[in-house]
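Engineer: Quick note, the sequences are listed as chains A and B, same order. The first sequence begins at 0 in numbering that gives the first Met the number 0 and counts up one residue at a time. The second sequence begins at 0 in numbering that gives the first Met the number 0 and counts up one residue at a time.
Worth flagging that the hints you see were computed from the coordinates, not collected in a lab. Keep in mind the model is a prediction, meaning the values are calculated, not measured. Some hints here could point you the wrong way.
Claimed, not checked - Beta-carbon label-pair distances, calculated as ranges:
#1 W39/B / K345/A: 22 to 30 Å
#2 W52/B / A36/A: 24 to 32 Å
#3 A36/A / N14/B: 33 to 41 Å
#4 K158/A / I122/B: 40 to 48 Å
#5 P56/A / G60/B: 38 to 46 Å
#6 W52/B / D120/A: 46 to 54 Å
#7 A126/B / G84/A: 31 to 39 Å
No residue lacks a Cβ here, since even glycine has one placed at the ideal position from N, Cα and C.
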Amino acid sequence: MLKKSKLVVALAAVALVASTAPAAPAAGNLEIFTWWASGGEALGLAGMTTEFTNKNPDTTFVNASVAGAAGTNAKGVLVSRMEAGNPPDTFQAHAGAELSSYVKAGQLEDLTSLYKSEGWDKVFPAGLIKTLTTKGKIYSVPVNIHRANVLWWNPAAAKKAGITKAPATLDAMIADLAKFKKVGIDGMALAGQGDWAIAHLFDYVLLASMGPDKFNGLWNGKTKWDSAEVKTAIKKFQTILSYGNASKTLDWPDAGKLITTGKAGFFIMGDWASSQWQSEGLKLGKDYTWAPGPGTAGVYQWLSDSFTLPKGAPNREAGLAWLKVCGSLAGQDAFNPKKGSIAVRKDSKPALYDSYLQAAMKSWKVDTLVGSTVHGVNYGNAGMSALNSAVGKFYTGGAKDSAGFIKGLKAAYAADKA
Amino acid sequence: MASTTLKKRKKHIQNPWGGFFFVLPSIIAMAIFVYGMIGWTLKFSFSNRTSPWKRDNSFAGFARYTELLQDPEFTHAFSNLLKFTIVFMLGTMISGLIMALLLEKGIKGEGFFRSTYLYPMAISFIAMGTSWRWLMDSAKGETATGLNLIFNKMGLDFLQNSWYTSVSGSMFAMALPAIWQMSGYVMALFLAGFRGIPDDLREAARVDGASEFKIYRHILFPQLSPTFLTVLIILGHISMKVFDLIYGIASKGYVTKVLAIYMWQVIFDFQNYAKGAAIAVVILVMIAIVVIPYLIYVNKTEEAK
Chain A
0 MLKKSKLVVA LAAVALVAST APAAPAAGNL EIFTWWASGG EALGLAGMTT
50 EFTNKNPDTT FVNASVAGAA GTNAKGVLVS RMEAGNPPDT FQAHAGAELS
100 SYVKAGQLED LTSLYKSEGW DKVFPAGLIK TLTTKGKIYS VPVNIHRANV
150 LWWNPAAAKK AGITKAPATL DAMIADLAKF KKVGIDGMAL AGQGDWAIAH
200 LFDYVLLASM GPDKFNGLWN GKTKWDSAEV KTAIKKFQTI LSYGNASKTL
250 DWPDAGKLIT TGKAGFFIMG DWASSQWQSE GLKLGKDYTW APGPGTAGVY
300 QWLSDSFTLP KGAPNREAGL AWLKVCGSLA GQDAFNPKKG SIAVRKDSKP
350 ALYDSYLQAA MKSWKVDTLV GSTVHGVNYG NAGMSALNSA VGKFYTGGAK
400 DSAGFIKGLK AAYAADKA
Chain B
0 MASTTLKKRK KHIQNPWGGF FFVLPSIIAM AIFVYGMIGW TLKFSFSNRT
50 SPWKRDNSFA GFARYTELLQ DPEFTHAFSN LLKFTIVFML GTMISGLIMA
100 LLLEKGIKGE GFFRSTYLYP MAISFIAMGT SWRWLMDSAK GETATGLNLI
150 FNKMGLDFLQ NSWYTSVSGS MFAMALPAIW QMSGYVMALF LAGFRGIPDD
200 LREAARVDGA SEFKIYRHIL FPQLSPTFLT VLIILGHISM KVFDLIYGIA
250 SKGYVTKVLA IYMWQVIFDF QNYAKGAAIA VVILVMIAIV VIPYLIYVNK
300 TEEAK
């Protein structure tokens, strides 16, 4: 009797250990790793999945998504799986430098030949391909493009302040912030939670203040972090912060609400804000409207979700088939209208997208492309973390210690190049 | 049936190996997953494995630890943790003790108050963190929400503050939800301590003419010292490891960063495994400094018995 129960306990223990160990997917499975688990992102993914299963009816689709925190949780799980030599068949990552640690570790397969055979080298913008290429090789397939340098504002609130059109330059925007303040509205909506949204704003201010060439130089050492250009940008950043809402604890959707409820004037945020608001039932053009970030018209500060092919993927063929869907016109047009982003391909069909996204598609084809630092294009994970910390320290310290800020920014650069 | 199990039980008591085999699985699991992992972390912390692409596991001595001392972010997280620990431990002990004193006399509806005080412990750290983030909103005056709004409405405007977003006071504010959550538990421990003291002692003291204050000061509190020690240890190690509460409120924000959050960031964001392991070891040593003397003390007193 007792012996039997011991056996049961032992078996249960074994079963527990076995079930927590990641089960190796059987042949004919595609295991895909994303952090798209809810809302428009999950809908978009479902669209692409349908496309994939139509083309590959014999492959079972296994979605290993880890929800939450803009991918920070997922990255943790992914890092441990890659280190343990147990990669998924494909995983999601921001395109650009964020992938560099996997590339340097030799954990990803070179996909350059896929770009040729699928003709992506022709339909993806050349500026993007240049950024994706590391030492002549491309390691990821982007599925969407978000724009980071967008100014969101509420026409009704602006009217109260006597503002009828979006400012065209950074200085004009600062002048408008003062107008908002006069009528008792906070000029700039700030989302202090977790530092990254403030860093996002700073990234835009740098770009608007020094222009795309100098801005790009920041990430390869050609523009120095203690140069006069950076100092000017920091001064403007200080001024903008001084017109921000008093609460330093908002998450970005809460800060966005300040705009849609008319409690704050301007908001610099990526265009995922638009799809968030639409899911809340707000109307583009009526409840909120947009303009290119003042001083950055003609510049498209992009970020992109992309998929990769890890070395040693259990089902390489399925992984490749997935990547082909990711880069295809049908796949991208199934995903993006739901996600609220635009397709990477220049031949995508505008009719499927809303008016903001259609305008974004036009700009995407003609604008100068620069990457978003906070979302993985210019810095790897280490540099990004350090940059967020430096901005967070500066911001919570009342935006006074410019010298300390520059020191932190230099340290972030060093952390990235380490 | 009943008699056979009784017989078997008897046999087991006679055979000491039976007990040993019964705990063997947990001994093995502990050896691998606790001590083995500690050893592994130690080995990593002394290595050169500072990035995922340099697979360099060579011995580096104390290089990672000296790096930590020069890392302003680490010292910032360390001093944050110390501030948090001091305020959290003092606050929780004092409020827990006061609640225990209030309930100790056996007031009406004690059961109700006991569960009410204990209830915050049942809430998950993340859910609690989210609501405290809203409560501790740093906006003041007209746009105030949360606690600042309450102060505003009560005409106590001078009490409004920026909570955990102020540079000097961030960790004191952060200790507030932790105190709120844990003081009920501390109350329960103290209450159990009080109940463990025989009533005869108090009665004898009363007969001898001691005042209530003197009874507490000279009779009850000295008897509570083992409870104090237990509480100190429990709170101490909870505080050193604090992660979820702070992550729930401020995520990876700089101003409230503590060692556990920085460790997580170094390992998964920077992928600097050696340095992350070194931070883990620092946390472990800090907890060991708190816990090991206690274990020695407990062992000694048990032996004495």
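Engineer: Run the structure past the numbered hints and jot down the numbers of the failing ones, going up.
Structural biologist: 1, 3, 5 and 6
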